[in-house]
Structure formats: structure tokens, C-alpha cells
Amino acid sequence: MTKLTRSDLVKTAEHLIKPKLLAVLAVILAAVIIPIPPVGKPVEELVASGSFIVIEGVKIHYVDKGSGDKTFVLLHGFGASVFSWREVIQPLSRHGRVVALDRPGFGLTERADPTKTPYNPYTVGGGAILILRLMKTLNISKAVFIGHSAGAYTSLYIASKHQEAVEALVLIAPA
Amino acid sequence: MREDGLQRFLLSLPHKYGPLFLRAAVPYLEQMLYKAYNKNKLTQHVVDGYKYPLNARDWDRGLYWFI
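If you read the sequences in order, they're chains P and A.
Residue numbering for the first sequence is 1 to 175, as defined by our numbering.
Residue numbering for the second sequence is 1001 to 1067, as defined by our numbering.
Calculated directly from the structure, the hints in this document are not laboratory data.
Glycine is no exception: its CB is placed at the ideal position from the N, C-alpha and C atoms.
There could be a bad hint or two in this list.
As the list claims (entries may be wrong) - Computed cross-link-like contacts, DSS-like style, restricted to lysine-lysine with a CA-CA straight-line distance of at most 27 Å:
# : chain 1 : residue 1 : chain 2 : residue 2
1 : A       : Lys1051   : A       : Lys1041
2 : P       : Lys59     : A       : Lys1041
3 : P       : Lys20     : A       : Lys1016
4 : P       : Lys65     : A       : Lys1041
5 : P       : Lys116    : A       : Lys1016
6 : A       : Lys1016   : P       : Lys136
7 : P       : Lys41     : A       : Lys1016
8 : P       : Lys65     : A       : Lys1051
9 : P       : Lys41     : A       : Lys1051
As the list claims (entries may be wrong) - Which bits of chain A does chain P cover? Going by a derived footprint, with three or more residues having C-beta under 8 Å, they are:
#  : region
10 : 1019-1025
11 : 1051-1065
Start from the sequences and build out the full structure, keeping to the hints where you can.
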């Protein structure tokens, strides 16, 4: 029986460990270097129920229906979109103008990189500014805000910071 | 300088892989729909309507930025 020396043991260990270590490093390196392909199509190529308008570099999808002295702005909740208001828009438009928009991060509103916009539209404050800019572009000075869930939170935020833009609030299951 | 680079690299990882995790979480997110909605009213049309925005470019990154 041959006796293994210390240097033999070290060599054997190196022989076993190195390939595994190299493989792990290669996987990490590949994960860092290889870009992740984007998902989905540009929003303008999708079937939209409303129109698109660019505000502060963000392409916003919105529905604008009806007319009258009163304007209603509809803000959906988390994970929702203007689709959530599909049974509300038509009947409500008999009482005035109805504007429903896909809030940043949801629906068919473009997912703009927040580092490339003047402010972060994904925050409640940034989202509120964007909504107010949209209202201004659509010649709406004051509106009844109808917010559902997280949309109700944004409505409340706008009412507290920009009272001049809010005629009344309707909060549905506010979050 | 090297520490800054490493720090920047480590901080960039969630931005790169966070959206990827959200893509993988779609089936779980879809379950939320079934839990939150009145099952009698949850038709295929409704499910499709809520899932349609998943066709939008970078929906995963948008959700990541929102969260």
C-alpha cells in the first residue's frame, strides 16, 4: 500500500475543487454578462380600448368618454387597468366627461424607465403629478376623483396636496 | 474605487433579476384574481382582460419599479 504525502492530498483536492469552482464562476459571470431579453410588445402595437398621449416622456393609455360640466377621473387599483371600469365608464358618461387612465406600471401605459423621466411616476407623488399633467393637457381643471383600492390612495393624495383639482372624492374599497 | 464598483455591481443585481422573478410569479399573481373576485363573475373574458397588459413591453420592469 502506498502512503499519500501531504502534497499528494493537496494536489488531489485542487484537482477536484478547481473545475467546480471554475464552473460556478462561469455561471455567475454568464448571469451577470448575458442581458435579459425584454418581454412583450410596445404598447402602441397592442389592442387598446382608449388613446395614447405622451406626458413628461411617458406614453399614457387613457379612455376619454362623454362630455358635460362635470368631469370624473377614474383611478384603478393595484394590478388593474381601465378594463376594471368597463361597466362603469359608459353609464357614468351620461352624467359628464369620464377620463380613466392606466396608472404608471399597469395596463397599457408605457413602462418608462424612472431614471429617464423628470420624476418617478411609479411613486404616489410622481403618479399624482402625471395625472394632474394629463388633466391639464385634456383641459380639465377640476374633477370628481373616483379611486378604487390603491387608486383611492392616490385620489386621497391628490385631494390633500392639490385641493384645487378635486371637486369631490369617491373612494371604493380604499387601500 | 474597487469597493464602489463592487457595491454598484451588487446593487444592480436586484434591478436585473427582480423583474425576472416577477415573470416567474405570474401564475401566483393570477391566483390573486381568483381569490379576490366573485367566482360567479369571473369569466374567461374578465381573466383575459386583466391579463392582457402582460403583453406590454417591460410589464415586469414596470411592476418592479412600482413595488
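Hints and how they fare:
1. A:Lys1051 - A:Lys1041: 16 Å, holds
2. P:Lys59 - A:Lys1041: Judged against 27 Å, a Cα distance of about 32 Å means the pair is violated.
3. P:Lys20 - A:Lys1016: 25 Å, holds
4. P:Lys65 - A:Lys1041: 25 Å, holds
5. P:Lys116 - A:Lys1016: Roughly 17 Å between the alpha carbons, so the hint for Lys116 of chain P and Lys1016 of chain A holds.
6. A:Lys1016 - P:Lys136: Violated, because 35 Å separates the two Cα atoms, which is more than 27 Å.
7. P:Lys41 - A:Lys1016: Holds: Lys41 of chain P and Lys1016 of chain A sit about 19 Å apart, inside 27 Å.
8. P:Lys65 - A:Lys1051: 24 Å, holds
9. P:Lys41 - A:Lys1051: With a Cα-Cα distance of about 14 Å, the restraint between Lys41 of chain P and Lys1051 of chain A holds, given a limit of 27 Å.
10. 1019-1025: holds (count 3)
11. 1051-1065: It holds, with 13 qualifying residues against the three required.
Violated hints, listed in ascending order, are 2, 6; each of the other numbered hints is respected by the structure.
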